[in-house]
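Read off the chains here:
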Amino acid sequence: DGGITQSPKYLFRKEGQNVTLSCEQNLNHDAMYWYRQDPGQGLRLIYYSQIVNDFQKGDIAEGYSVSREKKESFPLTVTSAQKNPTAFYLCASSSNAPGQGGTEAFFGQGTRLTVV
Amino acid sequence: QKEVEQNSGPLSVPEGAIASLNCTYSDRGSQSFFWYRQYSGKSPELIMFIYSNGDKEDGRFTAQLNKASQYVSLLIRDSQPSDSATYLCAVKWGFGNEKLTFGTGTRLTIIP
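Keeping their order, the protein sequence lines are chains A and B. According to this note's numbering, the first sequence is numbered sequentially starting from 1. According to this note's numbering, the second sequence is numbered sequentially starting from 117.
Hints listed in this document are in silico derivations from the structure and should not be mistaken for laboratory results. What you are looking at is a predicted structure, and each value in this text was computed from that prediction instead of being measured. By construction, the Cβ of each residue, glycine as well, lies at the ideal position given by its N, Cα and C atoms. Possibly wrong hints are sitting among the right ones.
[Claimed, not checked] Heads up, incomplete: computed chain A residues facing chain B, CB under 7 Å, no partners named:
| id | residue |
| --- | --- |
| 1 | G42 |
| 2 | T86 |
| 3 | L90 |
| 4 | E104 |
| 5 | A105 |
| 6 | F107 |
[As the list claims (entries may be wrong)] With a straight-line Cα cutoff of 30 Å, these simulated DSS-like cross-link-like pairs (lysine-lysine) come out:
| id | chain 1 | residue 1 | chain 2 | residue 2 |
| --- | --- | --- | --- | --- |
| 7 | A | K71 | A | K9 |
| 8 | A | K70 | B | K172 |
| 9 | A | K14 | B | K158 |
| 10 | B | K158 | A | K83 |
| 11 | A | K57 | B | K215 |
| 12 | A | K83 | A | K14 |
| 13 | B | K183 | A | K9 |
| 14 | A | K57 | B | K158 |
| 15 | B | K183 | B | K215 |
| 16 | B | K215 | A | K9 |
| 17 | B | K215 | B | K158 |
| 18 | A | K83 | A | K57 |
| 19 | B | K158 | B | K172 |
| 20 | A | K70 | A | K9 |
| 21 | A | K71 | A | K57 |
| 22 | B | K215 | A | K83 |
| 23 | A | K57 | A | K9 |
| 24 | A | K70 | A | K57 |
| 25 | A | K71 | B | K183 |
| 26 | B | K158 | A | K70 |
| 27 | B | K215 | A | K70 |
| 28 | A | K83 | A | K9 |
| 29 | A | K14 | A | K57 |
| 30 | A | K9 | B | K158 |
| 31 | B | K183 | B | K172 |
| 32 | B | K172 | B | K215 |
Pulled out of the complex, with its shape left as it was, chain A reads as follows:
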């Protein structure tokens, strides 16, 4: 089935450690996104990528890093520089096709990260 897979679903990290969240899509989408969601809040954009080997900072990129070596994959690393990393992380992808349809974003099931 086509879709977006995030792993793991739950992740625990000790303070001072880097962790990498996985995001894979088989929808042949060009654009991929990482969002962070805190309890009772909306989605805040961390990074996004429109093509392979290119990505842009979103609104809250500090303390995070990404790579886009393959069209299907957009992993997010939460570094020790991120002071408050406990949150729900969502990955999404969308087509860049212009026109009247096909540009909506589809989401993975999310990764809930907790710092212990």
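Guided by the hints, dock chain B onto chain A, whose structure is given.
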């Protein structure tokens, strides 16, 4: 000024009534507008998208876009308890810049 703004709610609506959700955006160059529904602890799912001024209807849902006023809304007719969720407005800034920005969401509760 936030790029995408929504009334945070919560909004309570009796079952069977019309729920009205509103969203404003700051960039006149915005091209694409989306409404997502998110149940607690789950990822957002798309309800509707709209690109042109006017109304777009899909079942009980109607999206309305007014680019001159930089305003997009979602109407839910014959509201059901299963519509209780957080509704997120999202805006994409056109071709060549696929940045997709979300509002803070409006929490909707349908009262039986």
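Outcome of the hint check:
1. G42: Holds: closest Cβ of chain B sits about 4 Å from G42 of chain A, inside 7 Å.
2. T86: Interface hint status for T86 of chain A: violated (15 Å vs cutoff 7 Å).
3. L90: holds, 6 Å
4. E104: Result: holds, 5 Å to nearest chain B Cβ.
5. A105: holds, 6 Å
6. F107: At 4 Å from the nearest chain B Cβ, F107 of chain A passes the 7 Å test, so the hint holds.
7. A:K71 / A:K9: It holds: about 22 Å lies between the C-alpha atoms, which stays within 30 Å.
8. A:K70 / B:K172: Violated, at about 36 Å.
9. A:K14 / B:K158: holds, 25 Å
10. B:K158 / A:K83: holds, 25 Å
11. A:K57 / B:K215: holds, 10 Å
12. A:K83 / A:K14: holds, 12 Å
13. B:K183 / A:K9: violated, 39 Å
14. A:K57 / B:K158: Since the Cα atoms of K57 of chain A and K158 of chain B sit roughly 25 Å apart, the hinted pair holds (cutoff 30 Å).
15. B:K183 / B:K215: holds, 18 Å
16. B:K215 / A:K9: holds, 25 Å
17. B:K215 / B:K158: holds, 22 Å
18. A:K83 / A:K57: Roughly 18 Å between the alpha carbons, so the hint for K83 of chain A and K57 of chain A holds.
19. B:K158 / B:K172: holds, 26 Å
20. A:K70 / A:K9: holds, 22 Å
21. A:K71 / A:K57: Between K71 of chain A and K57 of chain A the Cα gap is close to 18 Å, so the pair holds against 30 Å.
22. B:K215 / A:K83: Holds, at roughly 25 Å.
23. A:K57 / A:K9: holds, 24 Å
24. A:K70 / A:K57: holds, 18 Å
25. A:K71 / B:K183: violated, 33 Å
26. B:K158 / A:K70: Between K158 of chain B and K70 of chain A the Cα gap is close to 27 Å, so the pair holds against 30 Å.
27. B:K215 / A:K70: holds, 19 Å
28. A:K83 / A:K9: holds, 21 Å
29. A:K14 / A:K57: Given that 30 Å is the threshold and the Cα spacing comes to 25 Å, the pair holds.
30. A:K9 / B:K158: holds, 11 Å
31. B:K183 / B:K172: Distance of about 14 Å is within 30 Å: holds.
32. B:K172 / B:K215: Between K172 of chain B and K215 of chain B the Cα gap is close to 23 Å, so the pair holds against 30 Å.
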